[in-house]
Every structure is written in structure tokens, then in C-alpha cells.
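S.K.: Make the full structure from the sequences, and use the hints.
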Amino acid sequence: MDNATIANVFDELAELLEFKGENPFRIRAYTQGAKAIRDLDESVADIVADPNRKLSDLAGIGKTLAEKTETLLQTGSLPQLEKLREEVPEVLIQMARVPGLGAKKAAKLQKELDIDSLADLRAACESGSVAKIKGFGEKTAQAILDGLSIAEQAAERIRWAEGDALAQSIGRHMESCPAIETMQWAGSYRRGRETIGDLDLLAVASDRDAAMDHLEAYGDRSQTIARGDTKISIRVGKAFQVDMRCVDANQFGAALQYFTGSQAHNVHTRRIAKDKGLKINEYGVFRVEDETQIAGATEEDVYAAIGLPWIAPELREDRNEFKLAAAGELPELITQDDIRGDLHMHTTATDGQNTIREMADAAIARGLKYIAITDHSKRVTMAMGLDADRLRDQWAMIDEIRPEYEGKLVILKGIECDILESGGMDLPDDVLAEADWVLASVHYGQRQPREKITERILGAIENEHVDCIAHPTGRLINRRPPYDVDMDAVMKAAAAGGTLMELNANPARLDLNDVHLAAAKKLGIPIVISTDAHTLDGLDVMQYGIKQARRGGLTKADVANTKTFKQFAKLL
DNA sequence: TTCGGAATCGAATAGCATATCGGTATGCT
Numbered sequence: 001m002d003n004a005t006i007a008n009v010f011d012e013l014a015e016l017l018e019f020k021g022e023n024p025f026r027i028r029a030y031t032q033g034a035k036a037i038r039d040l041d042e043s044v045a046d047i048v049a050d051p052n053r054k055l056s057d058l059a060g061i062g063k064t065l066a067e068k069t070e071t072l073l074q075t076g077s078l079p080q081l082e083k084l085r086e087e088v089p090e091v092l093i094q095m096a097r098v099p100g101l102g103a104k105k106a107a108k109l110q111k112e113l114d115i116d117s118l119a120d121l122r123a124a125c126e127s128g129s130v131a132k133i134k135g136f137g138e139k140t141a142q143a144i145l146d147g148l149s150i151a152e153q154a155a156e157r158i159r160w161a162e163g164d165a166l167a168q169s170i171g172r173h174m175e176s177c178p179a180i181e182t183m184q185w186a187g188s189y190r191r192g193r194e195t196i197g198d199l200d201l202l203a204v205a206s207d208r209d210a211a212m213d214h215l216e217a218y219g220d221r222s223q224t225i226a227r228g229d230t231k232i233s234i235r236v237g238k239a240f241q242v243d244m245r246c247v248d249a250n251q252f253g254a255a256l257q258y259f260t261g262s263q264a265h266n267v268h269t270r271r272i273a274k275d276k277g278l279k280i281n282e283y284g285v286f287r288v289e290d291e292t293q294i295a296g297a298t299e300e301d302v303y304a305a306i307g308l309p310w311i312a313p314e315l316r317e318d319r320n321e322f323k324l325a326a327a328g329e330l331p332e333l334i335t336q337d338d339i340r341g342d343l344h345m346h347t348t349a350t351d352g353q354n355t356i357r358e359m360a361d362a363a364i365a366r367g368l369k370y371i372a373i374t375d376h377s378k379r380v381t382m383a384m385g386l387d388a389d390r391l392r393d394q395w396a397m398i399d400e401i402r403p404e405y406e407g408k409l410v411i412l413k414g415i416e417c418d419i420l421e422s423g424g425m426d427l428p429d430d431v432l433a434e435a436d437w438v439l440a441s442v443h444y445g446q447r448q449p450r451e452k453i454t455e456r457i458l459g460a461i462e463n464e465h466v467d468c469i470a471h472p473t474g475r476l477i478n479r480r481p482p483y484d485v486d487m488d489a490v491m492k493a494a495a496a497g498g499t500l501m502e503l504n505a506n507p508a509r510l511d512l513n514d515v516h517l518a519a520a521k522k523l524g525i526p527i528v529i530s531t532d533a534h535t536l537d538g539l540d541v542m543q544y545g546i547k548q549a550r551r552g553g554l555t556k557a558d559v560a561n562t563k564t565f566k567q568f569a570k571l572l
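All residue numbers for the first sequence refer to full-length UniProt numbering, where the first residue is 1 and numbers rise by one.
Since the hints were made in silico from the structure, they are not lab data.
Careful: at least some of the hints might be erroneous.
Stated by the list, open to error - Label pairs and their calculated CB-CB ranges: (1) Thr292 / Pro481: 43 to 53 Å; (2) Ser206 / Pro481: 45 to 55 Å; (3) Arg450 / Ala388: 27 to 37 Å.
No residue lacks a Cβ here, since even glycine has one placed at the ideal position from N, Cα and C.
M.R.: Right, here's the structure in full:
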């Protein structure tokens, strides 16, 4: 059982305990324990297995959570969770997820009106019985009905790249508003999270009403949820929420810091301030004793006021950034300009849409110095994967065109070789031995049991010709879960065997994720950020991989394809 | 439930906006 699964159990426990009206501190302990485990850059199972270490040494994990973790690892389940699931009606949890309803209102409705389903809830709102309950009214009943419609639209978090497209569209619209002097996107979008739940825009406006009117005039707006003096929330398209907050210029830094989050990061920031006799809110940093503002115009000021250097948004998750900042050891995060090579792309030989020359020219246009052509191997029949003969033909072609690119671009003879369902590589060793660059990846048998998949990937790492494991977990964001693989074992083997690991920059993959990247960095595994391009435009997804790498705390030195080709070749 | 400081238990994550109902719930980072 991996860290994420254990963390999910604790999160669910916290949620269920909340509905039971448990001690809030007990609930928080489970939530914090879940976060501690989810963000950990090593395996909980390893810590348990190590006689010299104790789980309860981790911050946020005490005796009880340590015991429960061990039970989970040993038995795969937790009796307490099963019991709570029976005790808390499923409908209560569904109700509390309806926008506008929270735990308290949901519990009250469920108790007083004997609601068994969301359909019951809708009927109760429509019949007027909700409005008659103390603390409720006509407007609340209507808000619940609206919320039910929103919930039915399944407003799931969207991928970062989709959020980016929407932010740019709204941004262009807002730029035409004369009342807006400065604006900046904040929230999880600015932090570069792989999915975005809503968009948060911060603005300095000469006329706040005009700015809010302008946002409401955005073509795809479907609803205004709330509008006050400083804040407006609208829905765009089916159900996606966009918030705008207006502040004064001398508050901008504090507001940006607040609005960027994460919540956990903000709580930590404000706690540090509190200890220093200061108070941070979205309007500035204030001395508690006399309410004097001492910072707020820029984020740098805000952090400086509590004795810290500016922290990059991608790191603001309350993982270890405060410790690093205090020690002056924040990583200098990788940027797109650092990238010199792209080591995963396809051509017309398989399922790509462009030729080797076209891909090479496009790579040069993007400032790259080296690329690897890595078409699929024969097992990927749908993509007309290459057998040994066709692959050697392709390599002969590369030999032929290389002189044209002399001094401009190095083109590596590569292959994305499948790791077969039965284990072993899809092409014989003597063929792989001729390649400059071998990616190994799983495309079939993704539902095999953990032991089997892990064994397959470990087998690939042990193959001396394999240079790198591509999209190591196979997940597709919002569409397909990662395959069940013991990533800790895979990483340890990769570290020991000198095998590289890919961060696939395709916005639907972003595989490895941020926590895995941090773990890989800790183990000293070189990461390769690759586009997996199937078209010329496909080379442009590098930016998404860079964001993800930054969230993992990676620097230029942690990423192999930032090296000059000469340096890179030494890794092979 | 965790943590720390004490020796058995008390304190614990910040701070604010908005809507609706008539003092409180929900939501936001």
C-alpha cells in the first residue's frame, strides 16, 4: 500500500468524523496526518520496516496514527473506517458537497426532513418545506436548488493546461477594461498544480464596480454567485468558478500572497507572523500592538517582514519550503530556458504526424540542441510499432540526414520500447544495443497486480540497454488512474542502476507527479523532462513539464536534458 | 489526536468576505 492510499484513508476518516460531530482537533489530526503522509518524499512502508525508525517521529503522526498506518499496511483495511462508513449516511456526504450546503445545514435538513437522497432534497426545496425550517428561507432553498444543478454538472477540477487557456481568454477580456490598473492570476493556477478547481484573479482597479461589471460581461459567464465591495464570484461555462478580488496598490503583494495560497502555506505564514507579534491578512502585514502596516505592496516585502526570502509559488504547499527558506536553502527552480534537449517524440513511422526532418526543424526553431526520435516498438500494433527491421531502416535514415544538422542539432537514434505483459522487452537486446537512447514503457497489461507490474518495470531497469523509464505510472489526469506499481522499489532500483526517469510533459500525463519528483531528487535520480510529441505543436508542452518539475523542487542540475549534449552523453 | 512540557493535562491553524436570516453558515487562499 502506498503513501497516497494511506493518506486517502485518513482523509476519509476525517470527513466521516466531522459528520459525527467529533472533537475538531481530533479531526484535524487525521487531516494533518493525511497531508504529512501524502507529501512525504519516501515510503511509509519503508519507515515501518526499518527497525531504527519510528513513524511517530514524523511531524503530525503520533501513536494512534502510527498504529493505524501499520494496521493498514498489514491488513489492507481499517476496522474503524468500515464502522464509520456504516454509521454516517452516504446522503449526508453527498448533500454537504452541494455548493451552498455545508456540514451543519446538511445535517439539519437530513435530520428534520428525513432526506434519503439528493432527489428527496430537491423535492423538499421545491415543496417549500426547506424554507419553513428555522435558519432557512426561500433564498436558501433556491440556492440549494441551484447548487444541485451545479453538482449535477460534475464540476471536476480541470487540467492545468485547460485552466491556462481559460485564464488567457478571461485575461484578454479583462485587459480591455479601462478601470483595471494591474491584474494577476493567483490560486492553484499560479502555483502550477496539475489540476485547477477554480481561477482567482487579483486586480487593482480605479473603479471596482466597473471592474466587476466587466468580469460579469465576460461572454461565457453563466451565473454570478456573489458580489460584494471587494470580491465577486462568477461561474463560467457549465459550472467553472472564477473569483476576482480588488485591492489597493499598496496591498497588492499581501493580497497576491494570500490569494496564491495554498491554504496550508498561508496558515503557516500567518502563524510565523503571529509569533513575531505581527498579523498578516490580504491587506498587509501589521504590527499587532498598534495596527501599523509594515509591508504589503509586494510579496517580497511580506515574506521579508517575517524574516524569509520570497518563496516561489510552486513550492507553497507547506511541505518543506519554510524550513528551506529559513535555512537559505530554497532551490533555484528550473526554467524553460534551461532545457537543451527533448528525448521523447514520435514520427510518421508510427503514430506521429510529422517526419524526422520536420520534427528536427521544429526542435531547432524552439532552441533545442539535441533530440531523440523514439517511435513505438512493434507491440503497439495500433500505432504500427516498429520491428527490428523497420527500426533499423529508420536509424539508417537518421544516419543519412545527420550531416545536414551537423553543428545545429544532434539527432539520437532512439526507441520507445514496450515492456511486455509477460515481462521482458519488446525488441531483442542486440537491437537495443544499437540504439543511442532507449525509453522503456508500459502500455499493455496496466491492470495487472502490483507485484507483476513492478516486476516488469524492475526487469526493464535491469536491462543494461534501457536508459530511461517513460511515463512511469501511466496515469492520465482525470481519466485513468496510475497503474499499481511499487514506485519506491522502482526508484530505488533506478537510483542503483543509473537509470533515468521521465517527467512526461504531456498535460494529460504529467507523469511523474510532484511528490514522486521530490522523491527522485532525494535519491539522486536524473529526471528527463520530455514532450512525447506526436506533432510539431506537441513540442510546446514542455512548459507544462517545467511547471510540474518546479513543484517537485527540481533545479537545472536535477534535470538531465538541461545539460549540454556532451555532458548528457556521459549519462548514457 | 498530537504535541510539549510536565509528571497529568491543556492547547492546538489565520484571517476575512458574502449571503441570508434576524445571529450564523459557507466559502476563499
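S.K.: Could you run down the list of hints and mark each one as holding or not?
M.R.: Evaluation of the provided hints:
1. The given range of 43 to 53 Å is respected by Thr292 and Pro481, whose C-beta atoms sit roughly 52 Å from each other.
2. Checking the proposed 45 to 55 Å range against Ser206 and Pro481 shows it holds: the Cβ atoms sit about 48 Å from each other.
3. Separation of Arg450 from Ala388 is about 32 Å and conforms to the stated range, judged on CB atoms against 27 to 37 Å.
Of the hints listed earlier, there is not a single one the structure fails to meet.
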